[in-house]
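Trainee: Each chain is listed here by its residues.
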Amino acid sequence: MAEVREKGYHHWDGQLQEKSWVFWPITRTGIKLAFQRKRFKFLFACSFIPAISFAVGVYISERLEDFKFMAQGAERTLQVNPAFFKTYLSMDFIFFMILLLMALGGAGLIADDFRHKAIQLYLARPLTRLDYLLGKAGVVMFFVGLLTLVPAVVLLLLKLLFSGSFRFFLDYPWLLLSIIFYSAFLMLFFTCFVLLASSLSRNRNYVIALIFATYYLSEIARGIFYVIFRSPYSALLSIPANLQQVAAAFFQVKTPYAVPWHFSFLIILSFCLLSYFLIKGKVRGVEVIR
Amino acid sequence: MSIELQNIHFSYGRVKALNGVSLSIGEGATGLLGPNGAGKSTLLKIMLGFLTPAEGQGKVLGYDVRTEQKFIRRLVGYMPEDECFIPGMDAVTFTALMGELSGMPRQEAMKRAHEVLFYVGLGESRYRLIDTYSAGMKQRLKLAQALVHDPRLLFLDEPTSNLDPTGRQEILELIGEVASIRDIRVLLSSHILADIELICDRVVIINHGEIAAVGRIEDLKMINYQLYELKIKGELDGFRKELEAAGCRLEETEDRLVKIYTPPDFDHKKIFVSAARNQVQVRHFIRSRTSLEDLFARVVGVD
Chain A
2 MAEVREKGYH HWDGQLQEKS WVFWPITRTG IKLAFQRKRF KFLFACSFIP AISFAVGVYI
62 SERLEDFKFM AQGAERTLQV NPAFFKTYLS MDFIFFMILL LMALGGAGLI ADDFRHKAIQ
122 LYLARPLTRL DYLLGKAGVV MFFVGLLTLV PAVVLLLLKL LFSGSFRFFL DYPWLLLSII
182 FYSAFLMLFF TCFVLLASSL SRNRNYVIAL IFATYYLSEI ARGIFYVIFR SPYSALLSIP
242 ANLQQVAAAF FQVKTPYAVP WHFSFLIILS FCLLSYFLIK GKVRGVEVIR
Chain B
921 MSIELQNIHF SYGRVKALNG VSLSIGEGAT GLLGPNGAGK STLLKIMLGF LTPAEGQGKV
981 LGYDVRTEQK FIRRLVGYMP EDECFIPGMD AVTFTALMGE LSGMPRQEAM KRAHEVLFYV
1041 GLGESRYRLI DTYSAGMKQR LKLAQALVHD PRLLFLDEPT SNLDPTGRQE ILELIGEVAS
1101 IRDIRVLLSS HILADIELIC DRVVIINHGE IAAVGRIEDL KMINYQLYEL KIKGELDGFR
1161 KELEAAGCRL EETEDRLVKI YTPPDFDHKK IFVSAARNQV QVRHFIRSRT SLEDLFARVV
1221 GVD
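Protein chains in written order, with this note's numbering: chain A, 2 to 291; chain B, 921 to 1223.
Treat the hints as calculated values from the structure; they're not laboratory data.
Take these hints with a grain of salt, some might be off.
Part of the chain B face toward chain A, derived, beta carbon under 8 Å [to be verified]:
1. Arg993
2. Tyr998
3. Tyr1039
4. Glu1097
5. Ile1101
In this text, all values refer to a predicted model and were calculated from it rather than measured experimentally.
Yeah, the Cβ is synthetic: ideal placement off N, Cα and C, and Gly gets one too.
Please build the complete structure, drawing on both the sequences and the hints.
Mentor: This is the structure we're talking about:
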């Protein structure tokens, strides 16, 4: 039976705990708030269209005889191999959907806290700035992981299931690791990219503009430099081109640009490292020290 | 002692915010009083571990402000001056999140969030989005999030700013009730003297980054000076000069009331002697109760 108390302040009779995942409540709240946004659920559902199409592709690839009338001439496209997974994980539509979802659910992660001066509320708790950033990073990682790692692993499992044997797995024993590491690479990049943009303004609309402008202007810059210099190294200026280069290396297929893939890998990693220090500096500098 | 600071120095670039602040604060409610820019908020942020002092040492609830900030923040509730919240959340989710981040188990935090929101008077509107709250409600919510984890020490930074008189009265009543609880110490930073006088029994007056006065409000009022209020007829100038030479300070209000602040051991008969010598008629003479406002004006050196 519930205790009947007198009106007034009462002490809490529990014990505060030392948690190892102190950032988790921030991540959970961020994910919940993202789903509360208008149109987010619809876009989230739409972002699984490629995964569903690829799943159908996996099914058809195992039943080519049955679908001969449909799949005539498309046998090569429907061949499930590492390139198939590379195509899924580095296709423009997936990157676009990640950007779109992060524009809606991720742009305000730090920007809104700056705008509403909420960072001091977080940091007045037993949290470090790193805990705060991990909490925010978890939100982006969750969504990027849901669009990349989860569908790719499910596609792999479907392939094994539909083929009815482990032959595919034995043919490419490294594929699962490639999927995991490349997805982790994408999660890291998009987390740094979105959080950096979010920490550069108090206005989420500017952050959204910044996310799309940076991503697509880098691709435009690649095109312009290529036209001027005719050098494949212009690919290093482009975010999507760099991601595709790394994807090709991870899945052991030919890189789309005649540039060593590790240049792209280093560029993305350097960007992530730089972002981390910039974000950490911003989180300390704007809200707490005035 | 709940707070012990020794020779704390802090600068924002070239601007010196705190210059050798040393103080000890024990039980009960203490007011941190000072004009705008005196260094009150900086001092709170140093005690919370947001800022690291350039020099000096300090302990809050026995934990070092330089190295044990996490332990301090676990036991301290902080109500910031700014209007701050997480947009898109309702009050109960927000308060529970703050409790959980302090180390409360999730379900306990939610239960406690309901309790403190009822306590601060937001029980009926606890499921409303914070974005739609009025300034007074947001102020109550800030108090709720500071109380949710049942802190041992409460830092309140300008808790009545931006409030109408009714809202101010209500929030002061809540703070007063919390401050009266034996094992919760309150440090109330404000430039509103009446708030401090109502809630606190001790005061730390800070000015230009230095401690100007510290102690029990009643003691400070008694020890530092005595206050007499006079109505006079005649020229004030000579009378003023003579008393000021004797260590007194005179103020004349708009309604011609003369306030004389005298040193503690000053014989009030000297006022009459001086008045007679300067041909000033004393038509009204009363020993006044000194207010915190008078104390503040005296130590900070403003009228």
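Trainee: Evaluate each hint against the coordinates.
Mentor: Okay, the hints, checked on the actual structure:
1. Arg993: holds, 5 Å
2. Tyr998: holds, 4 Å
3. Tyr1039: B/Tyr1039 check passes; min Cβ-Cβ to chain A is 6 Å, inside 8 Å.
4. Glu1097: Holds. Min distance 6 Å.
5. Ile1101: holds, 6 Å
The structure is consistent with each of the numbered hints, conforming to all of them.
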